[in-house]
Amino acid sequence: MSDNHSRIVEVLFQGLPFTVVATLGGIALTIVLSLIAGLAMLSRSRVVRGISRTYVEIFRGTSEVVQLFWLFYALPILLGFQLVPLFAGVLVLGLNHGAYGAEIVRGAVQSVPKAQVEGAVALNFSPAQRMRRVVLPQALVEMVPPFNNLFIQLLKGTALLSFIQVQEITQRGQSLVPNFGPDLAFIYGVELVMYLVLALVITLVMRLLERLTARRVGRTPMKVGTTA
Amino acid sequence: MNWDWEFVAGAMPGILRGLLTTLEITVLGSLVAYALGLVFALVRRVPKVGVVMQAFIEFVRSTPLLVQIFAVYFLFPSAIGVRMSPFVTGVVVIGIHYACYTAEVYRAGIDAVPKGQWEAATALSLPKRRVWTSVVLPQAVPRVVPALGNYTISMFKETPLLLAIGVFDLVNAAKEEGAYAYKYVEVYTIAGLLFLLLSYPASLLVRKLERRVAHT
Amino acid sequence: MSHTPEPMVRFDGVVKRFGDNVVLDQLDFTVAPGEFVTLIGPSGSGKTTILRLLMTLERVSEGVITVGGEPLSHMRRGDRLVPADDKHLAAARRRIGMVFQQFNLFPNMSVLRNITEAPVHVLGLSPAEAEARARDLLELVGLGDRCDEHPSRLSGGQQQRVAIARALAMRPDVLLLDEVTSALDPELVAGVLDLLGDIARTTDITFLCVTHEMGFARQVSDRVMMFDHGRVIEDAPPEQLFTDPREPRTREFLQAVLDRS
Numbered sequence: 001m002s003d004n005h006s007r008i009v010e011v012l013f014q015g016l017p018f019t020v021v022a023t024l025g026g027i028a029l030t031i032v033l034s035l036i037a038g039l040a041m042l043s044r045s046r047v048v049r050g051i052s053r054t055y056v057e058i059f060r061g062t063s064e065v066v067q068l069f070w071l072f073y074a075l076p077i078l079l080g081f082q083l084v085p086l087f088a089g090v091l092v093l094g095l096n097h098g099a100y101g102a103e104i105v106r107g108a109v110q111s112v113p114k115a116q117v118e119g120a121v122a123l124n125f126s127p128a129q130r131m132r133r134v135v136l137p138q139a140l141v142e143m144v145p146p147f148n149n150l151f152i153q154l155l156k157g158t159a160l161l162s163f164i165q166v167q168e169i170t171q172r173g174q175s176l177v178p179n180f181g182p183d184l185a186f187i188y189g190v191e192l193v194m195y196l197v198l199a200l201v202i203t204l205v206m207r208l209l210e211r212l213t214a215r216r217v218g219r220t221p222m223k224v225g226t227t228a
Numbered sequence: 001m002n003w004d005w006e007f008v009a010g011a012m013p014g015i016l017r018g019l020l021t022t023l024e025i026t027v028l029g030s031l032v033a034y035a036l037g038l039v040f041a042l043v044r045r046v047p048k049v050g051v052v053m054q055a056f057i058e059f060v061r062s063t064p065l066l067v068q069i070f071a072v073y074f075l076f077p078s079a080i081g082v083r084m085s086p087f088v089t090g091v092v093v094i095g096i097h098y099a100c101y102t103a104e105v106y107r108a109g110i111d112a113v114p115k116g117q118w119e120a121a122t123a124l125s126l127p128k129r130r131v132w133t134s135v136v137l138p139q140a141v142p143r144v145v146p147a148l149g150n151y152t153i154s155m156f157k158e159t160p161l162l163l164a165i166g167v168f169d170l171v172n173a174a175k176e177e178g179a180y181a182y183k184y185v186e187v188y189t190i191a192g193l194l195f196l197l198l199s200y201p202a203s204l205l206v207r208k209l210e211r212r213v214a215h216t
Numbered sequence: 001m002s003h004t005p006e007p008m009v010r011f012d013g014v015v016k017r018f019g020d021n022v023v024l025d026q027l028d029f030t031v032a033p034g035e036f037v038t039l040i041g042p043s044g045s046g047k048t049t050i051l052r053l054l055m056t057l058e059r060v061s062e063g064v065i066t067v068g069g070e071p072l073s074h075m076r077r078g079d080r081l082v083p084a085d086d087k088h089l090a091a092a093r094r095r096i097g098m099v100f101q102q103f104n105l106f107p108n109m110s111v112l113r114n115i116t117e118a119p120v121h122v123l124g125l126s127p128a129e130a131e132a133r134a135r136d137l138l139e140l141v142g143l144g145d146r147c148d149e150h151p152s153r154l155s156g157g158q159q160q161r162v163a164i165a166r167a168l169a170m171r172p173d174v175l176l177l178d179e180v181t182s183a184l185d186p187e188l189v190a191g192v193l194d195l196l197g198d199i200a201r202t203t204d205i206t207f208l209c210v211t212h213e214m215g216f217a218r219q220v221s222d223r224v225m226m227f228d229h230g231r232v233i234e235d236a237p238p239e240q241l242f243t244d245p246r247e248p249r250t251r252e253f254l255q256a257v258l259d260r261s
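Residue numbers (UniProt numbering), protein chains in the order written: chain A, 1 to 228; chain B, 1 to 216; chain C, 1 to 261.
Everything labelled a hint here was simulated from the structure, so no lab data went into it. A portion of the hints provided could be inaccurate.
[Unchecked claim] Within a straight-line C-alpha distance of at most 27 Å, the following computed DSSO-like cross-link-like pairs (lysine-lysine) qualify:
1) 115/B <-> 128/B
2) 115/B <-> 48/B
3) 183/B <-> 114/A
4) 87/C <-> 128/B
[Said to hold, decoys possible] If you only want the chain A side, here are some residues facing chain B, beta carbon under 8 Å, derived:
5) 55
6) 58
7) 115
8) 192
Idealized CB from N, CA, C, for every residue including glycine.
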């Protein structure tokens with residue numbers, strides 16, 4: 001590897017912690033918001049349903065870039081103080097993907113057969129117990145694969161944080177462009193491979209989770225190639 | 001702070017011009033994605049070549065669109081001696097990126113055509129191309145229209161990434177207008193509302209289409 | 001009963017396996033031109049597989065299938081037989097037509113176009129010729145007035161009539177009937193069977209028919225073959241097989257079918 005190449009790899013790897021922190025923070029916030037908003041959309045209260053629906057439609061209906069710019073450039077004018085870029089980034093990633101995740105949660109909960117709920121009612125479980133002990137564990141199995149896609153979407157979204165000067169991989173890469181003109185292919189090649197590997201890690205973890213949740217409800221996940 | 005209506009009135013024409021660019025890219029990018037996605041889906045079924053196609057699709061889907069935009073925009077002029085304008089780069093990269101998603105949509109649509117249809121076509125000795133053009137695709141494509149529509153809406157919301165290479169889209173226009181008077185609340189709120197105004201009704205339409213397709 | 005030297009359909013030591021599962025086991029039989037042969041037997045005995053092999057929807061594991069003297073599953077290379085390639089299969093299956101249990105009409109085409117599509121694009125008929133042929137056939141199956149209808153607007157019995165017309169439009173030498181009334185409401189069965197009986201009597205098409213309609217089989221067939229576990233265990237004219245079966249297994253099967261209906 002030439003000096004240039006090792007320098008490029010070094011700089012790009014400086015971005016890795018930021019990308020990872022943004023992804024993990026975003027995922028954590030996404031999970032929390034998805035569950036809250038997803039369950040709220042199934043609430044009996046119209047007000048609760050209305051609020052969660054509004055949140056979901058606003059964040060799904062507008063561009064992630066706009067959300068980021070609004071939070072980072074517009075909100076400080078209203079608040080009088082600036083958010084730390086990485087924090088603003090995590091907030092937008094979480095809020096945005098939480099809105100998509102809420103629909104996943106809602107759909108998965110609704111896909112649990114009605115008979116299961118009725119069975120829980122017959123056992124005199126309270127509504128909260130029904131949800132926690134019967135419905136959610138089964139819904140969880142349905143949620144894992146779409147959440148895998150959503151988290152990869154979120155990982156890809158971290159590149160946006162380069163717009164607000166978070167020193168993540170994409171931003172680091174662009175900072176190299178002026179001085180390493182002949183090595184552009186190498187820069188972008190390494191960058192893309194880094195993202196690819198991170199995406200694979202997410203998929204790997206989610207596959208594991210899929211197997212765990214499936215086993216908990218007594219289902220063996222379908223193996224590839226053994227169709228019924 | 002006070003919402004400055006006068007400023008908004010002055011900024012609107014510029015922002016709407018940006019919106020027009022965003023819509024142009026969305027429409028052209030969608031056309032690329034619809035056409036190329038079908039090609040990708042069909043190539044995927046070819047032995048051997050299909051594996052390479054699948055790897056390409058997975059790669060594109062696992063890496064950020066923004067990096068792909070940068071890579072093509074900065075790399076292509078030196079690598080192959082073609083300089084594409086930011087606008088064209090945007091249409092091409094977004095189109096190919098989304099083709100990797102629509103390919104999956106087409107695949108599912110084709111797989112959903114019942115086996116009996118293929119068998120009946122075989123029993124009638126219809127030539128392969130005819131089976132595709134008159135039996136399989138006419139049944140598969142209408143079913144995937146809502147899913148394609150959803151990707152167009154996603155694409156619409158992702159076009160602002162192109163401001164990174166200087167495309168004067170809706171958000172870039174808003175940014176420009178806002179920077180001029182340091183009125184970011186107004187411009188980004190308007191940009192957000194414009195996105196919502198277009199994408200929300202569009203998504204309602206897609207949901208309606210979904211229900212209709214599900215019923216046939 | 002047939003003295004024709006050249007059978008229309010010949011199975012020579014045909015074996016069909018799905019994985020470890022042997023569905024057809026060293027099967028030998030012939031069908032003479034114009035003959036109507038009904039295949040009966042418990043489900044899973046391999047009857048439908050025979051039709052699917054003839055239609056080239058499945059491939060033989062071993063053995064050779066010949067149609068009209070020409071190998072279907074194989075092709076001649078020099079003086080050797082090698083497994084058929086796609087081109088050979090496409091040419092060989094043109095003499096064969098099939099009517100399916102689930103009709104398999106094309107839902108994206110009108111009734112008329114379901115019937116004209118293959119004659120135009122496979123036989124090379126002009127659209128006008130194909131349409132005239134289709135209209136005649138629709139008249140024959142009693143649906144002359146439903147040409148422009150969408151298939152989904154027809155009853156199951158009507159859809160199956162269209163499927164029969166569609167198969168006939170290709171003027172096949174061999175017509176395969178795969179449980180063509182199993183998916184129909186009981187009151188629609190007789191009409192479709194009558195139609196098929198008429199066609200069998202008035203044409204010289206060779207029929208292979210899988211059915212559970214024993215009355216129909218008895219009336220229309222020249223020969224009935226009883227299958228069990230992938231083998232022919234009895235092969236006789238219908239009067240004999242239905243009134244005085246030789247094999248106890250056949251007797252049991254007929255009794256079971258009789259009890260059910």
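Now for the hints, and whether the structure bears them out:
Restraint check: the Cα-Cα separation between residue 115/B and residue 128/B comes to about 15 Å, which is no more than 27 Å; the hinted pair holds. For a cut-off of 27 Å, the pair hint linking residue 115/B to residue 48/B stands: about 23 Å separates their Cα positions. Taking the CA atoms of residue 183/B and residue 114/A, the gap is near 52 Å; set against the 27 Å cutoff, the hint is violated. For the hint linking residue 87/C to residue 128/B, the alpha-carbon distance of about 11 Å falls within 27 Å, and the restraint holds.
Because the closest C-beta pair between residue 55/A and chain B is about 13 Å apart, greater than 8 Å, the hint is violated. Interface restraint check for residue 58/A: the shortest CB-CB distance to chain B comes to about 7 Å, inside 8 Å, so the restraint holds. Below 8 Å, beta-carbon pairs count as interface contacts, and residue 115/A has none with chain B, the closest being about 23 Å; its hint is therefore violated. Look at residue 192/A: its Cβ gets to within about 5 Å of chain B, closer than 8 Å, so that hint holds up.
Violated hints, listed in ascending order, are 3, 5, 7; each of the other numbered hints is respected by the structure.
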